[in-house]
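Residue numbers (numbering that gives the first Met the number 0), protein chains in the order written: chain U, 0 to 300; chain D, 0 to 363; chain C, 0 to 527.
Since the hints were made in silico from the structure, they are not lab data.
Being a predicted model, the structure only gives us computed values, none of them experimental.
Don't take every hint at face value.
[As the list claims (entries may be wrong)] Here are a few chain U residues that sit away from chain D, every Cβ distance over 10 Å (derived from the structure):
| # | residue |
| --- | --- |
| 1 | T6 |
| 2 | S54 |
| 3 | A56 |
| 4 | R156 |
| 5 | Q252 |
| 6 | S253 |
[Unchecked claim] Simulated coverage check for chain D against chain C, where a stretch passes if three residues somewhere in it have a Cβ under 8 Å from a Cβ of chain C:
| # | stretch |
| --- | --- |
| 7 | 196 to 210 |
| 8 | 222 to 234 |
[Said to hold, decoys possible] What follows is a set of in silico ranges between Cβ atoms, one per label pair, in the way DEER data are often shown:
| # | chain 1 | residue 1 | chain 2 | residue 2 | range |
| --- | --- | --- | --- | --- | --- |
| 9 | U | V238 | D | S185 | 45 to 53 Å |
| 10 | U | W152 | D | A8 | 33 to 41 Å |
| 11 | U | V238 | D | A16 | 41 to 49 Å |
Virtual Cβ for every residue (Gly too), placed ideally from N, Cα, C.
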Amino acid sequence: MGDFIVTCLQAATPIWLAALAGMYAQRSGVIHLGLEGLMVSGAFVATATAIETGSIALALAAAIVVNLTLSLLFWLLITYFKANVMIVGLGLSLTAAGATGYALVVVFGSEAAVQSPIGLPQPLSGLTGPLAPLGDLSVLTFAAIALTWIAWWSIRRTRAGLKLSACGSDPFAARSAGVPVDRYRLAALQIGGFLCALAGTELSLAGVQSFSDNITQGRGYLAFAAVLLGNVAPIGVSVAALFFGFAAAFGIQSQLDFNGTLPPQFVLMLPYIVTIIAISITAVIKKRRGEQPTLILERTL
Amino acid sequence: MKHLSRLEAARPVAVVAVSLLLALGIFGLSGYSVGEILNGAIEGSVGSAAAWTQTLRWAIPLLIIALGVGLTFQAGYFNVGAQGQMYVGAIGSLAVGLEWHDGPALVVVPSALAAGIALGMLWSLIPGILRTRLGADEVVTSLMMNFIAVLLLEWICTGPLKNRDGSGQAATTDMLSPTFRLSGGSGVSLTLLVICALLVVAAIMLHSRTRLGLEIRLVGRNPVMAQWMGIRASRVGLVVFGLSGAAAGLAGAVEVFGPAGSLRAGFSPQVGFMAVIVALVGAFGPVRMLLAALFFGGLRAATLYLPIVNDLPQAGLDMLNGMVAVWITVSALPAILARRSSRGPTPARTDKTPSESETVSAHG
Amino acid sequence: MSSAQSETHPYRSAAAQPVSGQPRSREGAVLTCADVSVEFGDFRALDGVTATFPPGRVHALVGQNGAGKTTLARVLAGLVEPLSGTVQVGEDLLSGGSVGEARRHGVELVHQHFALPADFTVAQCFELFNDGPQLLGAFSRTRLRRRAETLLAGAGTDVDPDAVIGRLPIETVQAVEIARALASNPRVLILDEPTAVLPPPAMHRLFERLRGLAAEGMCVIVVLHKMQEVFGVADTATALRAGRLIIEPTPIGDLDPASLSRAIIGGASIEAVPSAHEPASSAPVELRAAGLSARSSAHDASAVDVSLEIRQGEIVGIAGVEGNGQRSLVEAIVGVTAARSGSIWLGEADVSEASVRERRGRGLRVIPFERNVEGVSLSSSLWENHVAMRRGRGGWIIWPKTLRRQCKEALDRWKVSYRSEEQQAGSLSGGNVQKTILAREVTDDLRVLIAAHPTRGLDIAAARDVRAALVGAAAADAAVLVVSADLEEMFEVCHRVLVMLAGRVVAAFERPFDVERVGAAMVGGDEG
Chain U
0 MGDFIVTCLQ AATPIWLAAL AGMYAQRSGV IHLGLEGLMV SGAFVATATA
50 IETGSIALAL AAAIVVNLTL SLLFWLLITY FKANVMIVGL GLSLTAAGAT
100 GYALVVVFGS EAAVQSPIGL PQPLSGLTGP LAPLGDLSVL TFAAIALTWI
150 AWWSIRRTRA GLKLSACGSD PFAARSAGVP VDRYRLAALQ IGGFLCALAG
200 TELSLAGVQS FSDNITQGRG YLAFAAVLLG NVAPIGVSVA ALFFGFAAAF
250 GIQSQLDFNG TLPPQFVLML PYIVTIIAIS ITAVIKKRRG EQPTLILERT
300 L
Chain D
0 MKHLSRLEAA RPVAVVAVSL LLALGIFGLS GYSVGEILNG AIEGSVGSAA
50 AWTQTLRWAI PLLIIALGVG LTFQAGYFNV GAQGQMYVGA IGSLAVGLEW
100 HDGPALVVVP SALAAGIALG MLWSLIPGIL RTRLGADEVV TSLMMNFIAV
150 LLLEWICTGP LKNRDGSGQA ATTDMLSPTF RLSGGSGVSL TLLVICALLV
200 VAAIMLHSRT RLGLEIRLVG RNPVMAQWMG IRASRVGLVV FGLSGAAAGL
250 AGAVEVFGPA GSLRAGFSPQ VGFMAVIVAL VGAFGPVRML LAALFFGGLR
300 AATLYLPIVN DLPQAGLDML NGMVAVWITV SALPAILARR SSRGPTPART
350 DKTPSESETV SAHG
Chain C
0 MSSAQSETHP YRSAAAQPVS GQPRSREGAV LTCADVSVEF GDFRALDGVT
50 ATFPPGRVHA LVGQNGAGKT TLARVLAGLV EPLSGTVQVG EDLLSGGSVG
100 EARRHGVELV HQHFALPADF TVAQCFELFN DGPQLLGAFS RTRLRRRAET
150 LLAGAGTDVD PDAVIGRLPI ETVQAVEIAR ALASNPRVLI LDEPTAVLPP
200 PAMHRLFERL RGLAAEGMCV IVVLHKMQEV FGVADTATAL RAGRLIIEPT
250 PIGDLDPASL SRAIIGGASI EAVPSAHEPA SSAPVELRAA GLSARSSAHD
300 ASAVDVSLEI RQGEIVGIAG VEGNGQRSLV EAIVGVTAAR SGSIWLGEAD
350 VSEASVRERR GRGLRVIPFE RNVEGVSLSS SLWENHVAMR RGRGGWIIWP
400 KTLRRQCKEA LDRWKVSYRS EEQQAGSLSG GNVQKTILAR EVTDDLRVLI
450 AAHPTRGLDI AAARDVRAAL VGAAAADAAV LVVSADLEEM FEVCHRVLVM
500 LAGRVVAAFE RPFDVERVGA AMVGGDEG
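One chain only, chain U, in its complex shape:
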């Protein structure tokens, strides 16, 4: 049981951090489909730096710097070049996937994967007894818990958070309040870049300590789904991400449990099916209440 909970948390952490990133972006009015790309770039840069320098701190720092730069580029394109937010996001994800795959070959001469000599610290690794499984959790899982609280506090309990939310829900009102909307969006995207760097690092340097091609496997898009599923609220988004973690862990578990009787693919489908159902249900509830659906309003290209 304890093992299972730890597996859930481990599977959830990258999605969780990326979902918080998407939450900030969407609150500011930017639909962030580039989460996948930022995760994979974070994962690659962290791994590469860890291999080259042997330092976890430098690995994290490098991943953060690269992601902040990519987020800045994203912001420039949608702000000054009026590019379509969703296409740029998807493009960013595709580019990052391709570029890291390419760099994997060019730098490390490997088509598949590269091992890192070090991993993220595990602060509770000294525990014994029934709490021992917690020792496998990386420091970033605990960071995710803290960051969720920070996200909640910054969105719900600070004026800066209110201003950020106004940028998303009514940009005109935000401008009337003197909020520099574009700069708030930049800030949100930078926070997102930072969080995705953590998410990527967790992905590559926590359990497996390696970077492989297509390491994210769509987790960035799951994170995006978690943002909508959690109604763009810090706590809701975290719960949705934890649910995805649970579903993934359940998939792994069930492969062991009913090997042969139930094809594992069907278990692995579960989170996606539940997401579709949950998004539909929230849409219906909103419609009943007469609220605007959480739709992406940027319609025409």
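Here the structure of chain U is known, so what remains is to put chains D and C in place on it, guided by the hints.
Just chains D and C now, kept in the frame of chain U:
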């Protein structure tokens, strides 16, 4: 006005050219010989009859999917589920082809293609219905449907339709009877080219000669106005979702009955996303999409060829595709310049001019 | 407008002393703009406007729709960056185009369509506009609530701080918006058409407030429409026409309503529209609603149990303060909103369950509320807009060449000025857009025409053409329903006027109309 529209038309070409240069720069910086790469790319895409065949082989699915995806984009729906729709289309047609392996080809092949089309359509209508009836966001649902389809295909290839020839190769299905194949392993044949030509003509007719084409554009640009005009925006939405799913399903079926002859888990990855890029580069015009599909087909052929001559990794192509997507929607004039130049209105790219978006937000 | 001359000034006497009990930390300031010009694309919204607004007065800013009043208000508040020119508050020159800077200098703007996020609570809105010095501005819920309560009480507004903006009645939202503007203790308060959403009693209260604030020394600038209101509340009047300053801030005593309205309109004399003939009493009923109830998804009250009949050749007006169910009623008749109960008849046919397309097939035509949203697709070509309407079945194949020619003929007939039928609708002016809508909607098979705010935002000449089109439609035996906020326009063209209040038709009037009684009915004071 004339001047600006020419600029608009030149934009996709410029974007692709800039991305190509960037990619070549990166290849060059990482130690490959740019000259060799260019040579190899041209050899692999247009340098010989075989190269042209490869180019067409990849242009065909890209074109078919892009024609459909372009419709949903035009109607203002962001359907990114083409990959999954293609997979289920492939599964459906293969299942018919294998089940009915001793039937006459003239009956089996059309029914199999129809099955692929129908399944692709159904797969696409799920997000379509959820979006138009319930208001559930189609980006998320269609992405999720992709993941489900990937897993479904994996299950099909390792479970029910797994090859029984005992070769032990994992995750592939049995081969179709050779009499059913629409083309050889090259993936190009007269039949397939005729199918593509018919689709392009149909798309042109839909665009310029039918009420539906007109309504798709109106719904995409201003759904509220469309409703006041008596156009049922949600029904138009369902139609475009259905059509784009049908196209992607057909592309899957063509893949199976054309070059592949069987199914492999995770075949033709990224084709769905590439088709989105083809549609965008072609700006939803059928002929322009045809040209874009040829270009990206050639690019794919080249990158499959390049590793053979100078081991350039295939991921380089994905990077290039992504870069094109990143730039493709930037406006011809950066906003900062547009604001400074007071003369000459920039073409309104959406219905949300400042005054309008304000009024929209003013009543909810 | 003529009635304003005989008006006394009801608000002037009421409250000339300070209203809020709190001491004011900031003195009012003189607001000056010099040579301000603004361009939106090809359109010159303001052209070299120079004016000085001294503190301690209520300044009325008047002009026709499209004259540039709102743009000027937004330039003063820093929301619109002028192409050239400067804005100065007291001694301080603003760099322009920065709301933050304008607000720091004590300039607050209350918008016509309020600028409060619909999903925020009242208390959160106050905090959003709080300009306190903290970096992140952390707060607790109690503090947030307490601050909102204090500010609301100070402004004399009774509303729950935890209420969500989107669920409040529009009048309350305005009160919240004013309270939040006063929260920062402004030196200059600008209100953009605050009276559009208010019934007269609330308007009186608002005007008393404004006079009180001016008496405290604040510089109050109000964008107004009606002469009566200008002469009721203002100390000075400033007039704009087509982006130019026509009358610089002038004491109201030196002006009279007739000359002011002439200045606003410009030399052009408005030729009255020949009024429609009375329909024959035997004329058949073309549009009938019986016990109709519906609720629009937009910001409007439900229409409740509305019954009306319009005969062929008859023009019926719906008067009422905006937001009293007019939109719900029109949407239900057109079919874009489903009726909750009741029935709708077009001629002999019950269309209560029919689709928009079917109703349009029976000759129902609409000039919708928001022409740029519901009337045209701005980024589509003129010919696509022209043929957008779906009436009846069939017509799967289209011949673009023929359609373009039809469009060209219709646009020429309606004297739309355009370059090509391939041009985007968004490149036309408001008046021309409205005429393209008329060109599409007023066709030979027109039987019922519904016109919602048909002349809003149009210049005099275009407005006249539109009114003539309404009268012309009636002359061609159509039934016409006009929804308007402009009583004078309504009295000019309508045979009958119904008044809607809180979703119900509360009164009906016949010619000759009495402004006083219709006005009273709009706020529930008269039973007609």
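Among the hints numbered above, which are violated by the structure, and what are their numbers in rising order? 10
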